[in-house]
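J.: Sequence:
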Amino acid sequence: FRPGELLSTLFYYRNYYMVYFRGDVAAQCTKVFDIVWSLAIEEHFYIVFPLVFIAFCKRPGQLIFLMAAGVLAVLAWRVYLAATQDMNEITVYKIYHLTETRADAIMYGCLVSFILDSHRGADYLRFAGHRLTFGAAMALLLFTFVYRDATFRETYRYSLQGISMSLFVPAILYSRPYTPILNVLNTAWLATVGRLSYSIYMFHWFGVCVAEYLISPERRSLPWLLTALTLGLALSLFSYHFVEKPMNRLRKRFGSNVLTPNAVNPDVEIKSIPISS
1 FRPGELLSTL
11 FYYRNYYMVY
21 FRGDVAAQCT
31 KVFDIVWSLA
41 IEEHFYIVFP
51 LVFIAFCKRP
61 GQLIFLMAAG
71 VLAVLAWRVY
81 LAATQDMNEI
91 TVYKIYHLTE
101 TRADAIMYGC
111 LVSFILDSHR
121 GADYLRFAGH
131 RLTFGAAMAL
141 LLFTFVYRDA
151 TFRETYRYSL
161 QGISMSLFVP
171 AILYSRPYTP
181 ILNVLNTAWL
191 ATVGRLSYSI
201 YMFHWFGVCV
211 AEYLISPERR
221 SLPWLLTALT
231 LGLALSLFSY
241 HFVEKPMNRL
251 RKRFGSNVLT
261 PNAVNPDVEI
271 KSIPISS
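No gaps in the numbering here: position 223 of the sequence shown is 223 in this note's numbering, and each next residue is one more.
Note that these hints are calculated values from the structure, not bench results.
There's no promise every hint is true.
[Unchecked claim] Cβ-Cβ distance ranges computed for the label pairs, FRET-style:
#1 Pro50 x Ala139: 15 to 23 Å
#2 Tyr46 x Ala69: 12 to 20 Å
#3 Val184 x Leu132: 18 to 26 Å
Backbone N, C-alpha and C define an ideal beta-carbon position, used for all residues, glycine too.
Whole structure, please, built from the sequences with the hints as guidance.
T.: Here it is in structure tokens:
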């Protein structure tokens with residue numbers, strides 16, 4: 001066991017540790033920490049993003065431009081890496097895990113939020129909610145799954161998926177024609193999965209690692225599946241009920257979303273109005 005295994009997890013540089021410092025072989029017991037690689041990207045992004053937001057929040061046009069430039073810069077860097085390095089397992093692993101090659105996934109969400117909050121928000125929703133736009137976005141997402149070229153998958157795939165979701169997600173949320181889809185997504189069992197999703201993400205990998213250690217590295221047997229699924233789900237439920245829910249109660253009492261007495265008029269009902277295509 002190396003100290004870097006724990007330090008890289010606690011201080012959110014796990015993705016770089018996995019790529020540059022761990023080497024080819026790691027003990028199975030330390031691989032349980034690998035799941036935080038994506039959380040490391042989020043932490044890196046949100047260290048820088050608030051400073052950018054503070055600097056440009058009064059200039060929304062420039063903020064939108066910066067986010068658009070950011071997603072293009074990340075794509076350009078992926079293309080550069082793919083063009084200058086052999087498209088082998090090491091290159092694929094690097095592009096998949098590093099902050100500078102994956103941060104655009106967060107930037108797309110920020111970019112859409114800025115656009116929706118601008119004077120162009122209604123126009124954007126009308127465009128995203130149009131049947132042709134919605135259909136094209138869904139087709140584009142499907143294409144990124146079925147087209148298997150290695151270079152495409154490690155470069156343009158992530159960008160096209162970001163563009164696709166930047167269109168159909170706001171359409172489903174805010175455009176009236178897609179209310180039936182939203183209703184399905186809000187059914188009780190899917191809502192439960194959504195509430196558990198963070199815990200499931202964090203702990204499913206622990207179940208996988210234990211199953212690989214106790215059963216087999218091959219992930220095709222029923223005992224392997226039962227071990228991974230049972231352990232991952234049990235830990236997810238425990239985390240949700242005994243960690244997340246208590247912390248959420250504290251957040252509602254003391255967090256930044258606590259309303260001051262004069263923050264809102266309780267007599268005014270605020271409703272979101274869907275914008276039809």
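J.: A separate judgement is required for each hint: does it hold in the structure or not?
T.: Hint-by-hint comparison with the structure:
1. Between Pro50 and Ala139 the Cβ separation comes to about 36 Å, which falls outside the hinted range of 15 to 23 Å.
2. Checked against the hint of 12 to 20 Å, the C-beta distance between Tyr46 and Ala69 comes to roughly 19 Å, which is consistent with it.
3. At about 22 Å, the CB distance of Val184 to Leu132 agrees with the hint of 18 to 26 Å.
Checked against the numbered hints given earlier, the structure breaks only hint 1 and satisfies all the rest.
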